[in-house]
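*Asks:* Sequence:
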Amino acid sequence: MAKDIEPENYIKNPVEGFGKKIFEKLGWYEGRGVGKNSQGEIPIHFNAVPRSERKGLGATDEMESEQKRKFEIGTKVKIIEGKHKGIRGVVADIVDMFVFIELPRTVNQIRVKTSKVVKYEENENSEANDRSTRQKKLRWVMPGLRVRVRSQKVCDGSLYNSKVIINDVLDKYSFTALLRNQRIITNLTEKDIETVIPSLNEPIMILKGTNRGEVANLIERDRKRNKVKVQLINESPELIEYTQDDVCEFVKLT
Numbered sequence: 227m228a229k230d231i232e233p234e235n236y237i238k239n240p241v242e243g244f245g246k247k248i249f250e251k252l253g254w255y256e257g258r259g260v261g262k263n264s265q266g267e268i269p270i271h272f273n274a275v276p277r278s279e280r281k282g283l284g285a286t287d288e289m290e291s292e293q294k295r296k297f298e299i300g301t302k303v304k305i306i307e308g309k310h311k312g313i314r315g316v317v318a319d320i321v322d323m324f325v326f327i328e329l330p331r332t333v334n335q336i337r338v339k340t341s342k343v344v345k346y347e348e349n350e351n352s353e354a355n356d357r358s359t360r361q362k363k364l365r366w367v368m369p370g371l372r373v374r375v376r377s378q379k380v381c382d383g384s385l386y387n388s389k390v391i392i393n394d395v396l397d398k399y400s401f402t403a404l405l406r407n408q409r410i411i412t413n414l415t416e417k418d419i420e421t422v423i424p425s426l427n428e429p430i431m432i433l434k435g436t437n438r439g440e441v442a443n444l445i446e447r448d449r450k451r452n453k454v455k456v457q458l459i460n461e462s463p464e465l466i467e468y469t470q471d472d473v474c475e476f477v478k479l480t
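The opening residue of the sequence shown carries number 227 in the working numbering; numbering runs sequentially from there.
You may find that some hints are simply not true.
[Unchecked claim] No farther apart than 30 Å at their CA atoms in a straight line, the calculated lysine-lysine pairs in the DSSO-like style are these:
no.: 1; residue 1: LYS398; residue 2: LYS345
no.: 2; residue 1: LYS302; residue 2: LYS389
no.: 3; residue 1: LYS398; residue 2: LYS309
no.: 4; residue 1: LYS362; residue 2: LYS296
no.: 5; residue 1: LYS309; residue 2: LYS339
no.: 6; residue 1: LYS304; residue 2: LYS362
no.: 7; residue 1: LYS362; residue 2: LYS434
no.: 8; residue 1: LYS389; residue 2: LYS379
no.: 9; residue 1: LYS417; residue 2: LYS434
no.: 10; residue 1: LYS379; residue 2: LYS339
no.: 11; residue 1: LYS453; residue 2: LYS478
no.: 12; residue 1: LYS342; residue 2: LYS398
no.: 13; residue 1: LYS296; residue 2: LYS246
no.: 14; residue 1: LYS417; residue 2: LYS450
no.: 15; residue 1: LYS389; residue 2: LYS339
no.: 16; residue 1: LYS296; residue 2: LYS345
no.: 17; residue 1: LYS309; residue 2: LYS455
no.: 18; residue 1: LYS247; residue 2: LYS304
no.: 19; residue 1: LYS311; residue 2: LYS450
no.: 20; residue 1: LYS379; residue 2: LYS417
no.: 21; residue 1: LYS398; residue 2: LYS379
no.: 22; residue 1: LYS389; residue 2: LYS453
no.: 23; residue 1: LYS363; residue 2: LYS339
no.: 24; residue 1: LYS311; residue 2: LYS247
no.: 25; residue 1: LYS345; residue 2: LYS302
Think of the hints as simulated: they come from the structure by calculation, not from any bench.
Work the whole structure out from these sequences, hints included.
*Replies:* Next up, the structure:
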C-alpha cells in the first residue's frame, strides 16, 4: 500500500467503482453515452457481481451449496482421481469446492476436490481383487530401498504416506519393511508402495536395466521431464540418465 494512501480510501472506493472513476476522468458523466460518435444520453449499467473470497468467474453460491449437499461431515468416501486414487476415508470438513478426508486410525487428512470423490459403501470391497493383487510378482523391490506407503490397507491405514525401508524379500510376491522405531511390518507387496527420490547428492539404487541393483549418487533431477541423472559410485564420472521411476532412495542396512 502506498504511504500517502490510507486504508479508509479503499473503503470509500470499492473495487466495482474503479472503472467508473476512469470514465469520469475522461470527461464522462452520469447519463452521457460512450464512444467517439455517441448519440443521445445512453446510461451505462455497471453490473459487476461481487463474489466471495476464492470464487472465480462463473462461480455461484448455488454451486457451492450443491457440492456441500453431495457430501456431509462423516460421509464415507473414496478418491477416484489423482495421486490419492483408491484411498478411502471419512469427510471431516467441506470448504468451497474441496473436502478434507480423514483417514481411519490416523490424524492425517487429505484435501481433495469434490469432483474427485464419490460416496463409498463397505460392501464395495472385493476379497477376490485383494487375492489377485497379492499374487503379482515383485519387479523392482530390493533390500535397502526407502519407499513410501501408498496403501490404506497396510496397518489399517496408520502408515499411509509414511516412509519405510525395505528390510527383506520374503518370496516372489512379498517383503518386509522397517519403521523408524525398528518395528518390522510383513507381507507387503509392490502395490502397497511407491519409490522415493532423495535430495541431490544422496545415494539411490537403480531399479531397471543393465545397472539394476547398482548404487549411485543423484546428480540432477528434472521433474517436468520425469528424468534424473546419476553417477555410479566408484565408477567413471559419466552421468547416466533414467526416469524417476527407475531409481529409488537407498539406505545402507546395518
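*Asks:* Compare the structure with each hint and give your call.
*Replies:* Results for each hint:
The suggested pairing of LYS398 with LYS345 is violated, with an alpha-carbon distance near 36 Å, which exceeds 30 Å. Our distance criterion of 30 Å between C-alpha atoms is met by LYS302 and LYS389, whose separation comes to about 26 Å. Taking the CA atoms of LYS398 and LYS309, the gap is about 27 Å. The hint holds against a cut of 30 Å. Distance restraint check for LYS362 and LYS296: the Cα-Cα separation of roughly 37 Å exceeds the 30 Å cut-off, and the hinted pair is therefore not satisfied.
A threshold of 30 Å between alpha carbons decides the hint, and for LYS309 with LYS339 the separation of about 12 Å falls inside it, so the pair holds. Between LYS304 and LYS362, the direct Cα distance comes to roughly 24 Å. Compliance with the 30 Å bound is thereby established for this hinted pair. In summary, the hint linking LYS362 to LYS434 is supported, as the alpha carbons are separated by about 18 Å, within the 30 Å threshold. For a cut-off of 30 Å, the pair hint linking LYS389 to LYS379 stands: about 15 Å separates their Cα positions.
This hinted pair checks out: LYS417 and LYS434 have alpha carbons roughly 18 Å apart, not beyond 30 Å. Of the pairs offered as hints, the one joining LYS379 and LYS339 holds, with about 23 Å between alpha carbons and a cut-off of 30 Å not exceeded. For the proposed pair LYS453 and LYS478, the alpha carbon gap of about 24 Å is at most 30 Å, so the pair holds. Taking the CA atoms of LYS342 and LYS398, the gap is about 35 Å. The hint is violated against a cut of 30 Å.
Under the criterion of a C-alpha separation no larger than 30 Å, the hint pairing LYS296 with LYS246 is inconsistent with the structure, at around 40 Å. For the suggested pair LYS417 and LYS450, the alpha carbons sit about 25 Å apart, so the restraint of at most 30 Å is met. Distance check on the hinted pair: LYS389 and LYS339 sit about 25 Å apart at the alpha-carbon level, within 30 Å; holds. Annotation: proposed proximity of LYS296 to LYS345 holds, straight-line Cα distance about 9 Å (limit 30 Å).
Of the pairs offered as hints, the one joining LYS309 and LYS455 holds, with about 24 Å between alpha carbons and a cut-off of 30 Å not exceeded. This hinted pair does not check out: LYS247 and LYS304 have alpha carbons roughly 51 Å apart, beyond 30 Å. Note on LYS311 and LYS450: the hinted pairing holds, with a Cα-Cα distance of about 21 Å set against a maximum of 30 Å. The suggested pairing of LYS379 with LYS417 holds, with an alpha-carbon distance near 11 Å, which does not exceed 30 Å.
Taken as a hint, the LYS398 and LYS379 pair is honoured in the structure, with Cα atoms around 20 Å apart against an allowance of 30 Å. For the hint pairing LYS389 with LYS453, the CA-to-CA distance comes to about 22 Å; that is within 30 Å, so the pair holds. As the CA atoms of LYS363 and LYS339 are separated by approximately 34 Å, the hinted pair breaks the 30 Å bound. With a CA separation close to 50 Å, the supplied pair LYS311 and LYS247 exceeds the 30 Å bound.
For the hint pairing LYS345 with LYS302, the CA-to-CA distance comes to about 6 Å; that is within 30 Å, so the pair holds.
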